[in-house]
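> Got chain A; can you put chain B on it based on the hints?
Going down the list, the sequences are from chains A and B.
Take 452 as the starting number for the first sequence in my numbering and just add one per residue.
Take 41 as the starting number for the second sequence in my numbering and just add one per residue.
Source of the hints: derived by calculation from the structure; they are not laboratory data.
Being a predicted model, the structure only gives us computed values, none of them experimental.
Among the clues, some could well be false.
Here are the simulated lysine-lysine pairs, DSSO-like style, with alpha carbons at most 30 Å apart [unchecked claim]: (1) A/Lys771 x B/Lys142; (2) B/Lys142 x B/Lys90; (3) B/Lys142 x A/Lys1250.
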Amino acid sequence: MTSAEKFSGRHIGPDEAGRCAMLEALGLASLDDLVARAVPASIRSDRELNLPRALSEPDALRVLGSLASENRVLRSFIGQGYYNCHTPAVIVRNLFENPAWYTAYTPYQPEISQGRLEALLVFQTVVCDLTGMEIANASMLDEPTAAAEAMALAARVTKSRSRRFFVDAECHPQTVEVVRTRAKAAGIELVVGSHEDPVSSEIFGALLQYPGTRGELRDLREPIRKAKERGAVVTVACDLLALCLVAPPGELGADIAIGSAQRFGVPPGYGGPHAGFLATRDAHKRMMPGRLVGETLDAAGARAYRLALQTREQHIRREKATSNICTAQVLLAVIAAMYAVYHGPEGLAAIARRVHRLAVALGDGLEGSGFGLAFDAFFDTLCVRAGTRTKEILESARQRGYNLREIDAQTIGISLDETARPEDVEEIRKAFGIPGVLADIEPVAQRIPESLRRRTPYLTHPVFRRHRSETGMMRYLRALADKDLALDRAMIPLGSCTMKLNAAAGMMPVSWEGFAQIHPFAPPEQARGYARLIRELEAWLAEITGYDAVSVQPNAGSQGEFAGLLAIRAWHASRGDGGRDLCLIPHSAHGTNPASAHMAGLRVVEVQCDAEGNVDLADLEKKAAENAETLAVLMVTYPSTHGVFEARIREICEIVHRHGGQVYLDGANLNAMMGLAAPGRFGADVSQLNLHKTFAIPHGGGGPGAGPIAVRAHLAPFLPGRGKVGPVAGAQFGSAGILPISWAYIAMMGAEGLTEASKVAILNANYVAKRLAAHFPVLYTGPGGLVAHECIVDLRPLKETSGIVVDDVAKRLMDFGFHAPTMSFPVPGTLMIEPTESESKEELDRFCEAMIAIREEIRAVEEGRLPREDNPLVNAPHTAAMLLARDWTHPYSREQAAFPLPWVKERKYWPPVARVDHVYGDRHLVCRLA
Amino acid sequence: MSALRMTGDHEWIRMDSADTGTVGITHYAQEQLGDVVFVELPEVGRRVAKGEDVAVIESVKAAAECKAPAAGTVTEVNRALADEPARVNRDPTGAGWFFKLKLDDPGEIEQLMDEDAYKASLTK
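So here's chain A without its partners, still in its complex pose (with noise of 0.2 Å):
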């Protein structure tokens, strides 16, 4: 292959001279000199990756075009949680593949994210509408996983002293087993049973489906008040779509409310991504889990969109954290928002009406030919008892392009959707052995009853009814996109989230048919192309990480984390030693650590740092020691979150295993070991990879993840879903519709792209570091001085010199077109950067001399020649609004607000709002639309 040829070539930023210059400055002669000083000999790997020849862009996209077509698409109407539909064609093109969109990420910077950030409201206002509750969060994992917040959500704001919770026997079958998984770790003791009568003694809580898994509509007033009655705070998982046509779980009394929005224009994907959804009542708002997007105002007093109530989340709270949660499903949420908004009311009512009056059609037919319905009321769900002749018929449907749900031996569901037709009814039909056309569906009758129609109207907002051409769909996405500052702007320089470059060629397989059409739950023969995909994906992984066995199934890394600490509990139980709960985790841990351990039902012990902000050795060792009756498990990231390679990482894997423990190793910054070291083979026992970090999917603007966990042999039959262990996600391999963007980053890089490219990763930092150090303190350095792939710089010293703070930093350089690096993380008052190796010399030059020129009007402060109260970093970001108005006070020109730099003003990126204000909207708290 030519170098032009070579993917990793495109990938990779810095070209030949670009990375000359850089060592030169680091006065470093190659790149292996540099990993020489960089890496601690004692881990880095003695051998190449041992990976298939890498391939080249077209070969890649014919490899994956293959694997597509192994995959057979049928026509899946089997329901239980997931349906066809159809993606309208202008969300595809303007949405689901634009950068604009699925480059961002999660907006922690609100200036920078209204765009997103609107859409999202739009998502939470239609969950609230549609689910009759007040307040809905900016999307779930999935369904169960939903599920499982709701009974954890239920726990922390129930009055009853119960340890009990009961689960509807009509709840999908993959929800009770992830809320099992849930509930084990919690020590909750689950009820299944039967929704009639919940149980008959006391319960904190209770989850009840509807329509049911089988397609029941039931009335659940009942039910609900009685459990109640019992002490239960109620949830309800619900259906947006059924929702449409039948009374809102809100109405009936339930306390929360949950779901997935796959339906709403998001493809099945085999399982995932899609955005699932928790909704409750206004009195628990503080106590929900998950990202909550709210309304405030700007410095200028217009209104802007933020992040509300993140006292809640795990990197304020850590183990008292609401849930674990970091990345959510923010691309899939938007594209659900968008559909609604497409659609508006009365589009969305006219599918749910089609798909009902198709449901009550075919179950007519299969009654007038003698086949029973288990339930006369159902929304889009036929439960039909088939008999002896279910296999044939299951068979039969096959034959004729359908896959259908065989509930038992006797019994079939049939789910359909809005992508049914009359013509799919009369082939269901024949497999059924019933002949003839279907006729005209109008005149049907509904099998809603008068009691569970829906009287309220929903989604009256204007939103829902502004969009509905495709011109203005079109340009309302184009609208909200334009707001925002994603990957396709400007390198987004955020240390631990590791923004590297999303492969065009990686993404166009994800809304392939062959990948994007296939059901969770179709018969493995027909996902041939998957099961290869993800066999080779999973032994590249390993073989990176140095591990034994990979489990693809989390969808985020935040579950990859409760799924790697619940494979160690249940190996230390596998060995008698179940009483092992303690969790050591160091002081720079990320706040999802200590907060998956607390949902793993572990104790958390914090380890001392020392001065260079590595792990306290003396102080492990002493805390390993005196708990080695009860020691799990260490959780520790590396390199670490200091971005640093500590020397002595196989020293604190020794001491942890010495005294009973496993080691965790949090896979976040793997970016920097591909090829060089394995965490698997310098001591750790298992880790999370952040898929979307170290390989290539994008961020989505705060999702889809994929955080599989790759553990040594030991720990493989302990892997999530493999029988020891319960799922922790509801599709067995998790988000697998977004693994083929992985697989093709890895298929394109190969062993020397891989390595190559945490080379340059590292290279990057060190260059930045060099650069920027001259002008502010870099924290924290490793071996020979060098950090690893990202770099921290101080920034509190300035508060005392000058009042200007970290956020004044991060707002300025919006102006400047670039994304904060990460802020306040792990160390308050600091930025951390990290560049990723796809970012050329040139873009790091840039963002250096953006931070350089900021310096400089820092120093103005300083010397006070511009005053603390007026400056370009307080008033940072300018809009264009502020510049144009007619009078100019400030003490600076419009022209140094705007363009503070030359060129800037070829590229500018005009922030939409001034700096948002935290405290009046989490005082005002709005989180939909009025």
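Same frame as chain A, now just chain B:
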């Protein structure tokens, strides 16, 4: 008005009668937290042990617990904080009070710092 007594965790208590005192967080504590956006108050009638978490204070960037400075029973809470949490910042030892506590043993507050000792502890 009797004098304030402080805990090492930055709560204050002021005895209003022989056995009942008003509790809040100190000026220093509110300054560290920044703009308070919400205070979760205990239920009236709740029995608390000394050092037990009784209230939660949230700013946009941090959350902290207010602990009971002594064992006792909560007799009243400052409902005005629901609408106006900013009182905690504006007047932490006055209008920003959290709850009133009937002490099991009023003598217990003698173990707490007086204002001077507290101020000295901050500069350590």
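> Confirm or reject each hint.
Hint by hint, here is what the structure shows:
| no. | hint | verdict |
| --- | --- | --- |
| 1 | A/Lys771 x B/Lys142 | holds, 29 Å |
| 2 | B/Lys142 x B/Lys90 | holds, 12 Å |
| 3 | B/Lys142 x A/Lys1250 | violated, 43 Å |
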